[in-house]
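Chemist: Spelled out from the first residue to the last, the chains are:
Protein chains: 2
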Amino acid sequence: MSEQASFPAPGAANDLEEGLALTPKFDDGGLVICVATDAANGDLLMVAHMNAQALAKTIATGEAWYYSRSRRALWRKGETSGHTQRVVEMRVDCDQDAVWIKVEQVAGACHTGRRSCFYRAVPLGQQGRTIKLEFSEDRVFDPKAVYGK
Amino acid sequence: MSEQASFPAPGAANDLEEGLALTPKFDDGGLVICVATDAANGDLLMVAHMNAQALAKTIATGEAWYYSRSRRALWRKGETSGHTQRVVEMRVDCDQDAVWIKVEQVAGACHTGRRSCFYRAVPLGQQGRTIKLEFSEDRVFDPKAVYGK
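One line per chain: the protein sequences are A and B, in this order.
Take the first sequence: its position 26, counting from 1, is numbered 689 in this note's numbering, and each next residue is one higher.
Take the second sequence: its position 102, counting from 1, is numbered 765 in this note's numbering, and each next residue is one higher.
Heads up, a few of these hints could be off.
30 Å max Cα-Cα, derived DSBU-like pairs, lysine-lysine [stated by the list, open to error]:
(1) K807(B) x K807(A)
(2) K807(B) x K688(A)
(3) K807(A) x K795(A)
(4) K688(B) x K688(A)
(5) K807(A) x K688(B)
(6) K688(B) x K795(A)
Just so you know, these hints were derived from the structure itself, not from any lab.
It should be emphasised that the depicted structure is a prediction, and the values quoted were computed from it without experimental measurement.
My request is simple: use the sequences and hints to build the entire structure.
Modeler: This is the structure in structure tokens:
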């Protein structure tokens, strides 16, 4: 696959919403949102971004590729940690600015060592500036052992 | 609740990731990503954005509020359609720039009439500029009847 990837430009709303062509609506930074859920139980694992190249590679290979905004680099999920994501199913949303992948996650998705990045609950009914969180998930791996200090 | 809402500023990575205070990391537009899944079966319903006010209202009331980037307005989900979302559980991710809500969705989440905005599959293994989609979900309501023409 070429290192460059491109898709047809998005059309009008009806084409975006009811069409049979993938015409991603990339934001000003050239990205779409990607939501990864656990194919085993439906839990949300992580939210990240894909540029055209990451999206094309994910579709072509069935392995999850992302674009890291902080590192400004294409990123194969698990390339450092080994905690890869095999894509079981991919979907695109109505206006084609977000994709959903159901994945088989090795070990954990989160760099902090948890299975999911969403390991803290926000109890409802709280008001005001100070909102307390509750931990709801334990680590499944030791991040220092995987990523180093 | 005041029409203004604010949260403490995000701290260093360790506070963001391991702390017990909600300190959302809003983007340059003052928004965090919100992922809504179906509390009944784990399906992804929609991806949208919340500003500080939408986030505060959602936490306080247990009903989903969003911020519409296109309309530049706070938006209570279902205020036009009646297709509200009662929040069963809320979580925040490691770097606090995304929240996950599990919701009880009335009728459908998508303005096109589907239960989920992710009603088209992207079959894997495709390469090149032209990627074909497949419809994977039928309408659960008639958008013209709900929203008008």
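Chemist: Could you run down the list of hints and mark each one as holding or not?
Modeler: Here is how each hint holds up against the structure:
1. K807(B) x K807(A): 54 Å, violated
2. K807(B) x K688(A): Distance ~24 Å between K807(B) and K688(A) Cα, so the pair holds.
3. K807(A) x K795(A): 27 Å, holds
4. K688(B) x K688(A): 24 Å, holds
5. K807(A) x K688(B): 24 Å, holds
6. K688(B) x K795(A): 16 Å, holds
Hint compliance for this structure: hint 1 is the single one not met.
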